[in-house]
Each structure stands twice: as C-alpha cells, then as structure tokens.
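Number of protein chains: 2
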Amino acid sequence: MDKIETYSFTVEPFHVDFTGHLFMGVLGNHLLNAAGRHSHNRGWGIDQLNENHYTWVLSRLSIELTEMPAQYEHVEVETWVESVMKLFTERNFMIRNADDGRIYGYARSIWAMIDTATRHPADLLALKDGDILNYLLTNEEKPCPIDKHGRIRVKASKATRTIPTFYSDVDINGHINSIKYIEHILDLFPREQFEQNRIRRFEIAYKAESYMDDTLSFFQSDDDANQLEIRKNVGNTDHLQGETVVQAKVVWTK
Amino acid sequence: MDKIETYSFTVEPFHVDFTGHLFMGVLGNHLLNAAGRHSHNRGWGIDQLNENHYTWVLSRLSIELTEMPAQYEHVEVETWVESVMKLFTERNFMIRNADDGRIYGYARSIWAMIDTATRHPADLLALKDGDILNYLLTNEEKPCPIDKHGRIRVKASKATRTIPTFYSDVDINGHINSIKYIEHILDLFPREQFEQNRIRRFEIAYKAESYMDDTLSFFQSDDDANQLEIRKNVGNTDHLQGETVVQAKVVWTK
Numbered sequence: 000m001d002k003i004e005t006y007s008f009t010v011e012p013f014h015v016d017f018t019g020h021l022f023m024g025v026l027g028n029h030l031l032n033a034a035g036r037h038s039h040n041r042g043w044g045i046d047q048l049n050e051n052h053y054t055w056v057l058s059r060l061s062i063e064l065t066e067m068p069a070q071y072e073h074v075e076v077e078t079w080v081e082s083v084m085k086l087f088t089e090r091n092f093m094i095r096n097a098d099d100g101r102i103y104g105y106a107r108s109i110w111a112m113i114d115t116a117t118r119h120p121a122d123l124l125a126l127k128d129g130d131i132l133n134y135l136l137t138n139e140e141k142p143c144p145i146d147k148h149g150r151i152r153v154k155a156s157k158a159t160r161t162i163p164t165f166y167s168d169v170d171i172n173g174h175i176n177s178i179k180y181i182e183h184i185l186d187l188f189p190r191e192q193f194e195q196n197r198i199r200r201f202e203i204a205y206k207a208e209s210y211m212d213d214t215l216s217f218f219q220s221d222d223d224a225n226q227l228e229i230r231k232n233v234g235n236t237d238h239l240q241g242e243t244v245v246q247a248k249v250v251w252t253k
Numbered sequence: 000m001d002k003i004e005t006y007s008f009t010v011e012p013f014h015v016d017f018t019g020h021l022f023m024g025v026l027g028n029h030l031l032n033a034a035g036r037h038s039h040n041r042g043w044g045i046d047q048l049n050e051n052h053y054t055w056v057l058s059r060l061s062i063e064l065t066e067m068p069a070q071y072e073h074v075e076v077e078t079w080v081e082s083v084m085k086l087f088t089e090r091n092f093m094i095r096n097a098d099d100g101r102i103y104g105y106a107r108s109i110w111a112m113i114d115t116a117t118r119h120p121a122d123l124l125a126l127k128d129g130d131i132l133n134y135l136l137t138n139e140e141k142p143c144p145i146d147k148h149g150r151i152r153v154k155a156s157k158a159t160r161t162i163p164t165f166y167s168d169v170d171i172n173g174h175i176n177s178i179k180y181i182e183h184i185l186d187l188f189p190r191e192q193f194e195q196n197r198i199r200r201f202e203i204a205y206k207a208e209s210y211m212d213d214t215l216s217f218f219q220s221d222d223d224a225n226q227l228e229i230r231k232n233v234g235n236t237d238h239l240q241g242e243t244v245v246q247a248k249v250v251w252t253k
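As they're listed, the protein sequences go chains A and B. Numbering of the first sequence is given in numbering that gives the first Met the number 0, commencing with residue 0 and proceeding in unit increments. Numbering of the second sequence is given in numbering that gives the first Met the number 0, commencing with residue 0 and proceeding in unit increments.
Errors might be hidden in some of the hints.
Because identical chains share one entry, a pair is satisfied inside a single copy or across any pair of copies.
[Stated by the list, open to error] 20 angstroms max Cα-Cα, derived SDA-like pairs, lysine to any residue:
(1) K154 <-> N232
(2) K231 <-> R190
(3) K253 <-> Y166
(4) K231 <-> D186
(5) K206 <-> G104
(6) K85 <-> E4
(7) K179 <-> M211
(8) K127 <-> P144
(9) K85 <-> D128
(10) K179 <-> Y166
(11) K85 <-> G104
(12) K179 <-> R190
(13) K253 <-> T18
(14) K147 <-> D222
(15) K179 <-> E11
(16) K253 <-> L187
(17) K127 <-> L86
(18) K179 <-> I162
Calculated directly from the structure, the hints in this document are not laboratory data.
Sequences are here, hints too, so could you generate the full structure?
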C-alpha cells in the first residue's frame, strides 16, 4: 500500500466566497475527507476503529497557502503520516492543482486516538501490533515546508461576539462540527478584510467539545484580533472565563 | 445528447446531522450541482451563458423524500427538464441509492434566465434558436411523482429570530447563498423536532436577493410554525413588514 493517499475534488460554485475562492472551512472539510480516506484504506478508518471502540480526534490543524483554489478548479490533496508518538500522530497534506500541478499550499494536523467508552487516549503504537509505523514518511522523505503549529496567545477583556448553536452546527456525534468553528471564526471579520487580503495561514486547536444549545463566545486578543479563543457557556462575557473549546490564529497577506 | 444527466456523490461525514442523515441544505447543494452539470453539458451552463450576460436564477425548489441518505451511502441524482415556458423552465430530480437503486425521493425546481446587465428576464424560447426544447422530457416520459410547488401562506405577528449575515453566508455574486437560507431555516427548529421527526417535504421560494450585512428576520406563521418567511432589514420585528426574501414550508413525518 502506497504511503500517500491522493484525494481529488472540484471547487463547487456554492463552496466559494464572494471573491470566487474556496471557503477555508470547505478546504478543511476536504482535508479531513482525505485523511479519512487515507486511514480507511489502510485499516485505520473511524468506521473500522469504531468496532473496537476507538475513534480519531483532531487536535490541531494548520493550513498555509500561497493561493486559494478558485471556482471550478480541479484540486488534488495528498496526505500522509509524518510521525507517530504514543498518544499523537502528525498527518500532513499537500494541496495542488490537478491540471497544471501548481501547489496551492500545505497543511499539518495532529490527531489522537481515544477509547469511546472511557474517553481515554489510546496507545497508537500498541494498536494493531504497531501497524501504523508501516505508513510513516519523514519530512526528509516527503517534505511539508510549512511551520509546525504555533502557540496561540489570547488576552481578551471582552467577547467580540456570542452566538447560540443550532441544528446545522452539530455533527453525527452531537458535537459542534470541527468545520463549523472555522466558519464562525472567519465570520468575525468584516467584508473589507476579505476584499483587501487573503488568508496566508490558518491555525486551529481543538481543546474541548461543545454541543448543540451551548453558547459560544469569541474572544479576540486585545493586542491582536487575529488570535482568538472560543469559550462555551460563558455567563459574563466581560471576562475571559469559562471553558476554552477552540483557539485559532489567522495570518493575512495582501 | 441524453436528456438526463446523472450526478453521483457519497454522503460525507461532515455533511450529516446528529441523526447520521444528510443535511437538507447539502442535498440542495448536490441538486444544484447536478442542475449545473446538466446545463453545462448541453451548452446552457452559467459559465457559457455569462459570456452572453445571462444567468440562471433559481425561483422555487421542492424536495420530497421517503428517506434521507445516510452517512457513507452512494447517491445518484438524475435531473432533466420537464417543461419550458417563455420566462421559466421546470427542472426535476430523482434521488436514488447508487448501490441498490432504491429511491430516496424526488425534487422539482423552477428557474428563470436573467440578463445580468438589465436584470430583466430573458426569453428562454428565443435563446440559442430554441435549443432548450431539444431536452424536454414530459411527466409522461419521465415521471416526477411529487406535488408541484404549493402556496406558502404566512401570517405572523412577530419574528421568531433575527440574525445578521456574515462572510460565510455569501456566494460569488455577493448574494446570500441559496443553500445558507435552508440551513438558517432549519436552525429555527429545536433538537427534539429532528429527534422525533424527519422532513418529508421541504419547499422554498426565492423572492428577492439579500446581501452580506443585511439582517434577516424569520417570521413563522402564527397558525403553522412550519410555514415561514425571511424578510430583510426589518427595523421593527413586531410586524410582518420589510421585503420578503424567501418563503419556505417544512412538512414533517414520524
């Protein structure tokens, strides 16, 4: 089995923003689909693991792009596993144009495996007799030339926005969908931000689960509105309190 | 050229709700993709028409299902044109399981063509020397055994919800995305509604455009919360006033 999975998609009309480029959330969705396909085809898919009461949990996702795919473009995502530790594995992605091969960018992600009964992390190296080690491609073998996940620092005196969560926010596990957080985060920024800039890098860290009917408060850092936290069910949004669900950082370029 | 286009998709993990079934909005998106594919392959695609300053505008969409596709199922959408009048065309859809052929349901839609410069409707029968008539399949030739679009009646004394619109609501034309309206409408209903029922029929009528930064007020009819209107920039939401953007009707079943 090849260590790299290639996943293809076409940029659909309803998946582009007002500039004609793919929504970051939809790109994130495609990356997660590619990851799911890679895992499944190697016996590590959620559907296969569920039988054994394990599931993958996404911990970090960082996407860095020199260009965002545009409407009707044909895109290929390559994905592979860079490393495995006991409790975490690093999965990387390359995103390129399927017709001319130009590279839009790369992404990095970190995943844990948890036991769905106990919610405890599983030992990735012990599962399936260490089979996961058969799929490693080091950064020398298959480069992913973007920075690893950085530290996100948020000092915020007040929530920018507080929103309820509804039916369409929730996934099959009853959790707020990983992709919906990305949408809600980018919805904090005004039209002009997207007219005058594009996102060069987007980082997100998933810290805790939230559920339908939870309230999400978005705290943008006082000194940098592009570093932010989502906290759930914060009664008084004048202070940075409550449980952190997600942290994120957006890096813009002209 | 065959008069029927077949469009295939797999129900992705992030496209299902907490019951494990495809979101209605995502199904709508797939239907619109199928319509776009059918049109394009017959020389009537938006990309081809744009060169001549014409574009398709969706006026009505009614979806009726005996079953909603579930996660990982393989789905085929057949689409064809049932009729053409001067200013409108009726396009139908059949949605079936690609593996065992069972039919999930059908959909009907009505489209107009407008001149993007003048915003006036175009004469569909005059364009391309009446070429569109080559693709008709009457209801006898290709049945679509669901009711045509009904009348949606809303008498509401107060808006149920008023929401701002943001970056992720907007499509490449700067309009609130047709699919996002479906999401926002279904978000009016509580979790229990989806736990205890499924949607048997969903009807939506697109009446006017709304734009990023518009405010959308949702008026559910006093006598039937499943018939509703979205109105934009309604200052005082105690009355049914302002311009109607969308009307919709949801029919539930156990």
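Right, here's what the structure says about each hint:
Within a single copy, K154 and N232 get their C-alpha atoms as close as 18 angstroms, which meets the 20 angstroms cut-off; across copies the closest is 35 angstroms, which misses it. Only between protomers do K231 and R190 lie at most 20 angstroms apart by alpha-carbon distance; the minimum there is 19 angstroms, versus 26 angstroms within a single protomer. In the homo-oligomer, the alpha carbons of K253 and Y166 lie at most 20 angstroms apart only across protomers (18 angstroms), although the nearest pairing inside one protomer, at 36 angstroms, exceeds that limit. Taking the shortest Cα distances, K231 and D186 sit within 20 angstroms of each other both inside one copy (17 angstroms) and across copies (19 angstroms).
For the identical chains of this complex, K206 and G104 are neighbours neither inside a copy (25 angstroms) nor across copies (40 angstroms), given an alpha-carbon limit of 20 angstroms. For the identical chains of this complex, K85 and E4 are neighbours neither inside a copy (23 angstroms) nor across copies (49 angstroms), given an alpha-carbon limit of 20 angstroms. Taking the closest pair of Cα atoms, K179 and M211 come within 20 angstroms of each other both inside a single copy (12 angstroms) and across two copies (18 angstroms). Proximity of K127 to P144 under the C-alpha cut-off of 20 angstroms is found in neither arrangement, the shortest distances being 31 angstroms within a copy and 50 angstroms between copies.
In this assembly of identical chains, K85 and D128 lie within 20 angstroms of each other by CA distance solely inside one copy; the values are 13 angstroms within and 68 angstroms between copies. Taking the shortest Cα distances, K179 and Y166 sit within 20 angstroms of each other both inside one copy (11 angstroms) and across copies (13 angstroms). For the homomeric pair K85 and G104, neither the shortest alpha-carbon distance inside one copy (29 angstroms) nor that between copies (47 angstroms) is at most 20 angstroms. For a Cα distance limit of 20 angstroms, the shortest separation of K179 from R190 qualifies both inside one copy, at 19 angstroms, and across copies, at 17 angstroms.
In this assembly of identical chains, K253 and T18 lie within 20 angstroms of each other by CA distance solely inside one copy; the values are 14 angstroms within and 42 angstroms between copies. When the C-alpha separation of K147 and D222 is checked against a cutoff of 20 angstroms, the pair qualifies neither within a copy, at 23 angstroms, nor between copies, at 56 angstroms. Taking the shortest alpha-carbon separations for K179 and E11, both the intra-copy value of 18 angstroms and the inter-copy value of 15 angstroms come in at or below 20 angstroms. For the identical chains of this complex, K253 and L187 are intra-copy neighbours only, at 19 angstroms inside a copy versus 38 angstroms across copies, given an alpha-carbon limit of 20 angstroms.
Taking the closest pair of Cα atoms, K127 and L86 come within 20 angstroms of each other only inside a single copy of the chain (14 angstroms); across copies the shortest separation is 62 angstroms, beyond that limit. For a Cα distance limit of 20 angstroms, the shortest separation of K179 from I162 qualifies both inside one copy, at 13 angstroms, and across copies, at 17 angstroms.
Checked against the numbered hints given earlier, the structure breaks hints 5, 6, 8, 11 and 14 and satisfies all the rest.
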